[in-house]
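Trainee: Here are the chains, one letter per residue:
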Amino acid sequence: MHAPAERRSEIELELNGETRHGSAEPRTQLCDFLRHDLGATGVHVGCEHGVCGACTVLVDGVASRSCLMLAVQADGRRVDTVESLARDDVMNDLQQAFSRHHALQCGFCTSGILMSCVEYLERVPEPDEAGVRDMLSGHLCRCTGYTGIVRAVLEVAGQRRAGESQQQALENRNDV
Amino acid sequence: MKAASFDYVRAESKREVLQLLHEHGEDARVLAGGQSLMATLNMRLTQPKVVIDINRVEELNRIRNDSGHLAVGAAVRQVQLTDRAELIREVPLLAKALPWIGHFQTRNRGTVCGSVAHADPSAEIPLCLVTLGGSVVLESLKGKRREVPAADFFQGLLTTDRQPKELISEVRFPLAEDGTDYHFQEIAMRHGDFALVALALCLRADGAHLGVGGVADRPVARTLPLGDELPDALNTLAWSLGAQDDVHASAAYRRQLVRELGQRLIEEPSHARTR
Numbered sequence: 007m008h009a010p011a012e013r014r015s016e017i018e019l020e021l022n023g024e025t026r027h028g029s030a031e032p033r034t035q036l037c038d039f040l041r042h043d044l045g046a047t048g049v050h051v052g053c054e055h056g057v058c059g060a061c062t063v064l065v066d067g068v069a070s071r072s073c074l075m076l077a078v079q080a081d082g083r084r085v086d087t088v089e090s091l092a093r094d095d096v097m098n099d100l101q102q103a104f105s106r107h108h109a110l111q112c113g114f115c116t117s118g119i120l121m122s123c124v125e126y127l128e129r130v131p132e133p134d135e136a137g138v139r140d141m142l143s144g145h146l147c148r149c150t151g152y153t154g155i156v157r158a159v160l161e162v163a164g165q166r167r168a169g170e171s172q173q174q175a176l177e178n179r180n181d182v
Numbered sequence: 084m085k086a087a088s089f090d091y092v093r094a095e096s097k098r099e100v101l102q103l104l105h106e107h108g109e110d111a112r113v114l115a116g117g118q119s120l121m122a123t124l125n126m127r128l129t130q131p132k133v134v135i136d137i138n139r140v141e142e143l144n145r146i147r148n149d150s151g152h153l154a155v156g157a158a159v160r161q162v163q164l165t166d167r168a169e170l171i172r173e174v175p176l177l178a179k180a181l182p183w184i185g186h187f188q189t190r191n192r193g194t195v196c197g198s199v200a201h202a203d204p205s206a207e208i209p210l211c212l213v214t215l216g217g218s219v220v221l222e223s224l225k226g227k228r229r230e231v232p233a234a235d236f237f238q239g240l241l242t243t244d245r246q247p248k249e250l251i252s253e254v255r256f257p258l259a260e261d262g263t264d265y266h267f268q269e270i271a272m273r274h275g276d277f278a279l280v281a282l283a284l285c286l287r288a289d290g291a292h293l294g295v296g297g298v299a300d301r302p303v304a305r306t307l308p309l310g311d312e313l314p315d316a317l318n319t320l321a322w323s324l325g326a327q328d329d330v331h332a333s334a335a336y337r338r339q340l341v342r343e344l345g346q347r348l349i350e351e352p353s354h355a356r357t358r
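Chains as they are written, first to last, in the numbering used here: chain E, 7 to 182; chain V, 84 to 358.
Some clues are possibly wrong.
Computed list of lysine to aspartate or glutamate pairs in EDC-like fashion (alpha-carbon distance at most 20 angstroms, straight line) [what the hints assert, rightly or not]:
1) V:Lys85 with E:Glu12
2) V:Lys97 with V:Asp110
3) V:Lys132 with E:Glu12
4) V:Lys85 with E:Asp38
5) V:Lys248 with V:Glu106
6) V:Lys85 with E:Asp43
No wet-lab data here; the hints were simulated from the structure. Just so we're clear, the structure is a prediction, and the values are computed from it rather than from any experiment.
Throw the hints in and build the complete structure from the sequences for me.
Mentor: What follows is the structure in structure tokens.
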């Protein structure tokens, strides 16, 4: 594929489970394409050089800086943003825990942090505090001091494990 | 900031990448993980006419354990190595250094060869490559395939031996040797930040081979004696690196870190902080 500088190329991707189309110049960052062309304004753009982590989204399930990807590179990929988390206007368990633990104040960094947490908890279902802080080192939050975020993530990890063992217990009972 | 305009080519094969590099030379940049290049594009520190994306070139996305080396292709991401269970036996130094590179979100996309191409003096992968005596494989359309020892490849701040029409097609890490222990350690202002001083160590019964990153304009490795002669040797090494003062640390502090951390890492490696 060859995309000339001033021409917009067609891009098709799966955004939060829906097939979406748009077009972008080669130099357009993925974060700007998601916000301005596809309306996913939950993607926040901070430093534009990969340091702050505000623009983190999942690309094919992997937490990535969307300011360090070109929109044209997302063609044919699956992208998930913070808009994918709530169902029927009900926040998911991570979002609820963030609210409960005051894990945000201004909220600018939050959508990126949430998307990192989604992948992290899949990879590390039983994290310890040091692990969570290491994961959060890829994000800058100037309001919270991170303490509430760490609590929220650890709580959700525990809840999910408890939920799974409960589910397992139910299944075992049904087997009998 | 937003990048200046450029043509974008999504290459399908290594041959296509080499052809494009032959055609465009200095006007082209190879885009792999983008964790350094995209930032410099966005800040307009580099303004290439053509960006050649190698992310979908399957033949560059290979890790091979061959003839005493681990060969890592140009499109292999750092996370692919952290997920490789046998890496701790194959190249233990690299396995111990990987968690120090940036953050998991940047290792998800950042490539091994990209870090070598960028040649930041404080970067962990170039430091491991130099300390282990690895090499960089360069290919071009018309020229010969070159394999350059890492110590010759890195020539200064963000400067390497790569010629404009060449692609870094793979880097080669020597496999672990029996009787050698490998350790990695670094000090940064914040978790995951650029290292003020990074140390890579191959420790044998008769000596220590110590690599230092973040002080000189490139990674430097020296063999040091053990025992009573070690402090003097570390002091000589620390002064030889041409440390500079900058906003993050003074030259004197960097020299002190080389001496103190170096001594601790060599004499009590099991006490080293890991990540």
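Trainee: Hint by hint, note whether the structure agrees.
Mentor: Hints and how they fare:
no., hint, result
1, V:Lys85 with E:Glu12, "14 angstroms, holds"
2, V:Lys97 with V:Asp110, "18 angstroms, holds"
3, V:Lys132 with E:Glu12, "12 angstroms, holds"
4, V:Lys85 with E:Asp38, "10 angstroms, holds"
5, V:Lys248 with V:Glu106, "8 angstroms, holds"
6, V:Lys85 with E:Asp43, "16 angstroms, holds"
In the structure shown, no violation is registered for any of the earlier numbered hints.
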